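With the hints as extra help, turn the sequences into a complete structure.
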Amino acid sequence: MDNRSFNALLAKATGNDVRQTTRLSKALTQIIGKNMAEGINIAVPGFGEFRSVKENEHIVTDPKSGERTLLPPSITVRFKAGSRLRKNIAKS
Amino acid sequence: MNDIITIDNLIARLAIAENLSENDSKIFITEYFGLISHALARKESVIIKGLGTFSVENDEVIFVPDETLAATANEPFEMFSPIRIEDGMEDLIAESAEKEIDKQNLIEENTVTASIAVPPIEDEKNPAEEQVMEPVKTSPDSQEAESSADSDAELGTATASDVIVEEVVEATSGKGSDTPQISDEIAEPQKKTPPPFRPSVFQGNVSLQQTPQPSQEVKSQSENLIEYYDDKYEPEHAVMRRSTAIICIIVAVIVSLIIGIAAGYLGHKKISNILAPTPTTEVAQSTEPTE
Chain A
1 MDNRSFNALL AKATGNDVRQ TTRLSKALTQ IIGKNMAEGI NIAVPGFGEF RSVKENEHIV
61 TDPKSGERTL LPPSITVRFK AGSRLRKNIA KS
Chain Y
1 MNDIITIDNL IARLAIAENL SENDSKIFIT EYFGLISHAL ARKESVIIKG LGTFSVENDE
61 VIFVPDETLA ATANEPFEMF SPIRIEDGME DLIAESAEKE IDKQNLIEEN TVTASIAVPP
121 IEDEKNPAEE QVMEPVKTSP DSQEAESSAD SDAELGTATA SDVIVEEVVE ATSGKGSDTP
181 QISDEIAEPQ KKTPPPFRPS VFQGNVSLQQ TPQPSQEVKS QSENLIEYYD DKYEPEHAVM
241 RRSTAIICII VAVIVSLIIG IAAGYLGHKK ISNILAPTPT TEVAQSTEPT E
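Taken in order, these protein sequences are the chains called A and Y.
Per the working numbering, residue 1 is the first one in the first sequence, and the count goes up by one each step.
Per the working numbering, residue 1 is the first one in the second sequence, and the count goes up by one each step.
Mixed in with the good hints, there may be bad ones.
Heads up, simulated BS3-like pairs for lysine-lysine below, C-alpha to C-alpha not over 30 Å straight-line [unchecked claim]:
| no. | chain 1 | residue 1 | chain 2 | residue 2 |
| --- | --- | --- | --- | --- |
| 1 | A | Lys-87 | Y | Lys-49 |
| 2 | Y | Lys-49 | A | Lys-80 |
| 3 | Y | Lys-49 | A | Lys-54 |
| 4 | Y | Lys-26 | A | Lys-12 |
| 5 | A | Lys-91 | Y | Lys-26 |
| 6 | Y | Lys-43 | A | Lys-26 |
| 7 | A | Lys-34 | Y | Lys-26 |
| 8 | A | Lys-34 | Y | Lys-49 |
| 9 | A | Lys-87 | A | Lys-26 |
| 10 | Y | Lys-49 | A | Lys-91 |
Treat the hints as calculated values from the structure; they're not laboratory data.
Treat the numbers as computed from the prediction; the structure is a model and nothing was measured.
If you want it as structure tokens, here you go:
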């Protein structure tokens, strides 16, 4: 399912028009991103949990050239499926 | 451990951000995640712009975050960029790390000496001593002595009791039949007069009644350590300052010597002129008539 069909289905389900749904969807992803930046996880019951995983600055070595580089800290967004979602997937 | 917000918080935030009623916001979020989970239950992948891609592989949900989401999440670190480490930089990093390690060792030494020097209050110590002594008398096993040590730690007694326990453990591990003597040895420090406090060298025989005023001595010792540390790691600019001062003194001495010699020479000339003046015209005139 691509983004357009997802928004269309969501608009139908919520009773909004597609433009408003797209706007709300964008706002929601921004809220999720900001929470991830602050290191706050988001738990959605029945769906799963978005986790903010911070990796501290570290030095990596290129195995070929032997060059060493100091990488800055970074945050990775991970998702862990909830038990109900996993059960639904396993059933189907 | 990260903080967690629930869906209610998310609903409230979306409602505030988009001027929605909480009910509308709740419907939207419920449908949003409901649609994704339905699609995933059908093992269908879902691509959402700004969030990422959800897919199912071997009954496992795989989420690949969108670039926009990754960028938003990494906003606090966007000013940083990867730095290539040169050879010289490595040495600098290692040097600074060594200094840090030395500093930490010094701090640890200080804390160890301070913990030894903490004066235990006699009234509070007595029950702890009894707890140490009792298991030794009844059972000489070192394990029980250790458990008594643990009980001491739980009671929050000072480190001196731990020292006694260490003595007990050493003695019991050496000879099992010497337990009555050990209990006597433990009892002895109560009768003895307090020995002089020596915070600099820990010899493992610290009695309970110690240190009339240890905090000052510890302070002075820590000051000494800091001075030692300062001397050890004398900064380069201080060395430069000292060498410049030495050079200035040498130059000043040389200049004063030259001035002294010059003044002496001139002064000597003047004095010699006064003492033995050069023949004047009068002398010449006085000699003329004789001719």
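Status of the hints after comparison with the structure:
no., hint, verdict
1, Lys-87(A) - Lys-49(Y), "holds (26 Å)"
2, Lys-49(Y) - Lys-80(A), "holds (19 Å)"
3, Lys-49(Y) - Lys-54(A), "holds (23 Å)"
4, Lys-26(Y) - Lys-12(A), "holds (16 Å)"
5, Lys-91(A) - Lys-26(Y), "holds (27 Å)"
6, Lys-43(Y) - Lys-26(A), "holds (25 Å)"
7, Lys-34(A) - Lys-26(Y), "holds (19 Å)"
8, Lys-34(A) - Lys-49(Y), "holds (16 Å)"
9, Lys-87(A) - Lys-26(A), "holds (29 Å)"
10, Lys-49(Y) - Lys-91(A), "holds (28 Å)"
In terms of the numbered hints stated before, the structure departs from none.
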